[in-house]
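Listed below are the residues making up each chain.
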Amino acid sequence: MNPINSIQDEIIDEFAFFGDWMEKYEYIIDLGKSLPLIDEQYKDEDHLIKGCQSQVWLHADEAEGKVSFTADSDAVITKGIIALLVRVLSGQKAEEIAKADLYFIDKIGLKEHLSPTRSNGLVSMVKQMKMYGLAINAKSQ
Amino acid sequence: MEVTAQQAFDIEKIRKDFPLLEQEMNGKPIIFLDSAASSQKPAQVIDRLNDYYRTGHANVHRGVYQLSQEATTAFEEARELVRQFINAPSEKEVIFVRGCTEGINLVASSYGRKFINQGDAVLITAMEHHSNIVPWQMICEERGAELRVAPVNDAGEIDLDALYELLDERVKIVSLVHVSNALGTVNPVKAIIDRAHELNIPVLVDGAQAIPHTQVDVQALDADFYTFSGHKMFGPTGIGVLYGKEEWLEQMPPYHGGGEMIKTVTFEKTTYNELPHKFEAGTPDISGVIGLGEAVRYIQSIGYENISRHEHELLVYATEQLEQIEGLRIIGTAKEKASVVSFLVDGVHPYDLGAILDKLGIAVRTGHHCTQPLMARYEIPGTVRASFAFYNNKADIDALVAGINRAVLMLK
Numbered sequence: 001m002n003p004i005n006s007i008q009d010e011i012i013d014e015f016a017f018f019g020d021w022m023e024k025y026e027y028i029i030d031l032g033k034s035l036p037l038i039d040e041q042y043k044d045e046d047h048l049i050k051g052c053q054s055q056v057w058l059h060a061d062e063a064e065g066k067v068s069f070t071a072d073s074d075a076v077i078t079k080g081i082i083a084l085l086v087r088v089l090s091g092q093k094a095e096e097i098a099k100a101d102l103y104f105i106d107k108i109g110l111k112e113h114l115s116p117t118r119s120n121g122l123v124s125m126v127k128q129m130k131m132y133g134l135a136i137n138a139k140s141q
Numbered sequence: 001m002e003v004t005a006q007q008a009f010d011i012e013k014i015r016k017d018f019p020l021l022e023q024e025m026n027g028k029p030i031i032f033l034d035s036a037a038s039s040q041k042p043a044q045v046i047d048r049l050n051d052y053y054r055t056g057h058a059n060v061h062r063g064v065y066q067l068s069q070e071a072t073t074a075f076e077e078a079r080e081l082v083r084q085f086i087n088a089p090s091e092k093e094v095i096f097v098r099g100c101t102e103g104i105n106l107v108a109s110s111y112g113r114k115f116i117n118q119g120d121a122v123l124i125t126a127m128e129h130h131s132n133i134v135p136w137q138m139i140c141e142e143r144g145a146e147l148r149v150a151p152v153n154d155a156g157e158i159d160l161d162a163l164y165e166l167l168d169e170r171v172k173i174v175s176l177v178h179v180s181n182a183l184g185t186v187n188p189v190k191a192i193i194d195r196a197h198e199l200n201i202p203v204l205v206d207g208a209q210a211i212p213h214t215q216v217d218v219q220a221l222d223a224d225f226y227t228f229s230g231h232k233m234f235g236p237t238g239i240g241v242l243y244g245k246e247e248w249l250e251q252m253p254p255y256h257g258g259g260e261m262i263k264t265v266t267f268e269k270t271t272y273n274e275l276p277h278k279f280e281a282g283t284p285d286i287s288g289v290i291g292l293g294e295a296v297r298y299i300q301s302i303g304y305e306n307i308s309r310h311e312h313e314l315l316v317y318a319t320e321q322l323e324q325i326e327g328l329r330i331i332g333t334a335k336e337k338a339s340v341v342s343f344l345v346d347g348v349h350p351y352d353l354g355a356i357l358d359k360l361g362i363a364v365r366t367g368h369h370c371t372q373p374l375m376a377r378y379e380i381p382g383t384v385r386a387s388f389a390f391y392n393n394k395a396d397i398d399a400l401v402a403g404i405n406r407a408v409l410m411l412k
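Sequence lines, in order, name chains A and B. In this text, residue positions in the first sequence follow the UniProt record's numbering: the first is 1, and each later residue adds one. In this text, residue positions in the second sequence follow the UniProt record's numbering: the first is 1, and each later residue adds one.
Worth double-checking, as some hints may not be accurate.
As the list claims (entries may be wrong) - Straight-line alpha carbon distances no greater than 30 Å define the calculated BS3-like cross-link-like pairs of lysine-lysine that follow:
hint, chain 1, residue 1, chain 2, residue 2
1, A, Lys139, A, Lys99
2, B, Lys245, A, Lys107
3, B, Lys28, B, Lys394
4, B, Lys412, A, Lys50
5, B, Lys359, A, Lys111
6, A, Lys33, B, Lys412
7, B, Lys412, A, Lys111
Stated by the list, open to error - Some chain A residues near chain B, calculated using beta-carbon distances under 10 Å:
hint, residue
8, Phe18
9, Met22
10, Glu26
11, Gly32
12, Ser34
13, Gln53
14, Ser54
15, Gln55
16, Ser73
17, Ala75
18, Val76
19, Ile77
20, Glu112
21, His113
22, Asn120
To be clear, the hints were calculated from the coordinates, so they are not data collected in a lab. Glycine included, C-beta positions come from ideal geometry on N, C-alpha and C.
Starting from the given sequences, assemble the full structure and let the hints guide the process.
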């Protein structure tokens, strides 16, 4: 099984233990609070993805065809979801990132946060992550 | 027995007029506190739309058959209702547009192309919605004019001295908001209009947030243009009104070309229709207009006096209750406010608060409210905004306060 999907399935299993949205949100909020996600030097205009509701910073590094991501947000729920996305995509092969189907968000019941109408920067961030994957993959071929 | 206005205002009965208020959101009874974005619709308006489409629909102003004539009559009756509602002198001055945004775009474009030239200026304020900024930026860029912005103070009131300072003979139009969507401030538009008129400068008033809360009399204000949206005043989406003084509208070129707005067309030359049709190209939003007329009737049946009193009570109660939450700061503390409360809680991002309130069935608006320059003025990313209509009650506010307390506990 491809490594991106096995991490997604892991997360889905973890979320299956939560009884209601409160527990899910508490977990996401904890994730958002506890993780230092991005080096302060990258929290600048160049790395900023502006949403109407919240802002997201994204930085990518490449080594041997694999892409590692660090990211952050000013909103803690957004940041918690970023932590999950980073867990799924960071360190994976560029090619796999480019074609990843991120089904776990829907399965764990957080789809609304990845809807364009929320305008929290997450949709653009995922698009940007895949673009990095695409670009790095194209470069290496 | 005489029934006083207060007795006649039965909040529980009014709430029953709004079917949406009985719905659930995320499995919880909905607490709708986002009427400043768009209000809910009473059954009277919904039924009228339904009835129109089932029994009365045909195109207007062109059929010789009975159905078309009836639709035209209903359409023009709604115009007359709106005319009386805002006390416009003539129905020629009541133009149907898609909404407040289109009303402003129409004036910026048509008035701008005729009257704004190189070196002229347009004056707005720092608390404008993007729809009262961008159309003016566009026309200023096109005509080589300057966009001037009157500042606001910390409380969220226009700095009138600064505004008057910016008002000189180079200014060709002033465009400002009557009630701020982000802060709730009620601006002294009458005083500003009088001052502008001393220099013969016309004034457009963006009334989108005023009309759901307060009686507007365009003649008493002496506004040159006044525009508002139907969907914020309990009517359908996609319909709005631009009132303009005939003397200006006559001089302005049409905005859109097409059917309805013409008198004669040849390939060499087209002559334009009379007001208001000159500005209403194409088949209009007939059902929207008829629904809007019904919304006017509904508001009148409740009465602005009752609406204002009830909403003021809600505003005072909400302000008191919210201020008791530790770390909560109200953004916009003008002396004159409509029933809008924008706020921030220390250490809590508006998006996070909004997302948790959503799960509790509470609909509030979060973000910059399409007023990015205003948010920049206060150096904040946005706010959480609760806005109240006459169908809200104190229980809604209690639910909001409880929801915020619960969310803050989770987030902090």
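Each hint tested on the structure:
1. Among the hinted pairs, Lys139 of chain A with Lys99 of chain A is consistent with the structure: their alpha-carbon atoms are about 16 Å apart, no more than 30 Å.
2. Between Lys245 of chain B and Lys107 of chain A the CA atoms are separated by roughly 57 Å; this puts the pair beyond 30 Å, and the hint is violated.
3. Distance hint between Lys28 of chain B and Lys394 of chain B is fulfilled; the C-alpha atoms sit about 18 Å from each other, no more than 30 Å.
4. Pair hint Lys412 of chain B plus Lys50 of chain A holds up; C-alpha atoms about 24 Å apart against a cutoff of 30 Å.
5. Distance restraint check for Lys359 of chain B and Lys111 of chain A: the Cα-Cα separation of roughly 13 Å lies within the 30 Å cut-off, and the hinted pair is therefore satisfied.
6. Simply put, Lys33 of chain A and Lys412 of chain B have alpha-carbon atoms about 9 Å apart, close enough for the 30 Å limit, and the pair holds.
7. The straight-line distance between the Cα atoms of Lys412 of chain B and Lys111 of chain A is roughly 24 Å, inside the 30 Å bound, and the hint therefore holds.
8. Interface hint status for Phe18 of chain A: violated, as the beta-carbon distance to the closest one in chain B is roughly 13 Å, over 10 Å.
9. The restraint placing Met22 of chain A at the interface with chain B holds, with a minimum CB-CB distance near 8 Å, inside the 10 Å limit.
10. About 6 Å separates the beta-carbon of Glu26 of chain A from the nearest beta-carbon of chain B, less than 10 Å, and the hint is met.
11. Given the 10 Å rule on beta carbons, the hint for Gly32 of chain A holds: about 9 Å separates it from the nearest Cβ of chain B.
12. The interface hint given for Ser34 of chain A is violated, since its Cβ lies 14 Å from the closest Cβ of chain B, which is over the 10 Å cut-off.
13. Checking Gln53 of chain A against chain B: minimum C-beta separation of about 4 Å stays under 10 Å; hint holds.
14. Hint status for Ser54 of chain A: holds, given a least beta-carbon distance of 4 Å to chain B, under 10 Å.
15. Here the hint on Gln55 of chain A is kept, as its CB sits about 7 Å from the closest CB of chain B, short of 10 Å.
16. Of the supplied interface hints, the one on Ser73 of chain A holds, with its beta-carbon coming within about 8 Å of a beta-carbon of chain B, less than 10 Å.
17. Below 10 Å, beta-carbon pairs count as interface contacts, and Ala75 of chain A has one with chain B at about 4 Å; its hint therefore holds.
18. Of the supplied interface hints, the one on Val76 of chain A holds, with its beta-carbon coming within about 5 Å of a beta-carbon of chain B, less than 10 Å.
19. Interface restraint check: Ile77 of chain A against chain B, minimum CB-CB distance 5 Å, threshold 10 Å, status holds.
20. Interface hint status for Glu112 of chain A: upheld, as the beta-carbon distance to the closest one in chain B is roughly 8 Å, under 10 Å.
21. A distance limit of 10 Å between C-beta atoms decides the matter here; for His113 of chain A the minimum to chain B is near 7 Å, and the interface restraint holds.
22. The interface hint given for Asn120 of chain A is met, as the beta carbon of that residue sits about 6 Å from the closest beta carbon of chain B, less than 10 Å.
Hint check: violations occur at hints 2, 8, 12; the rest are consistent with the structure.
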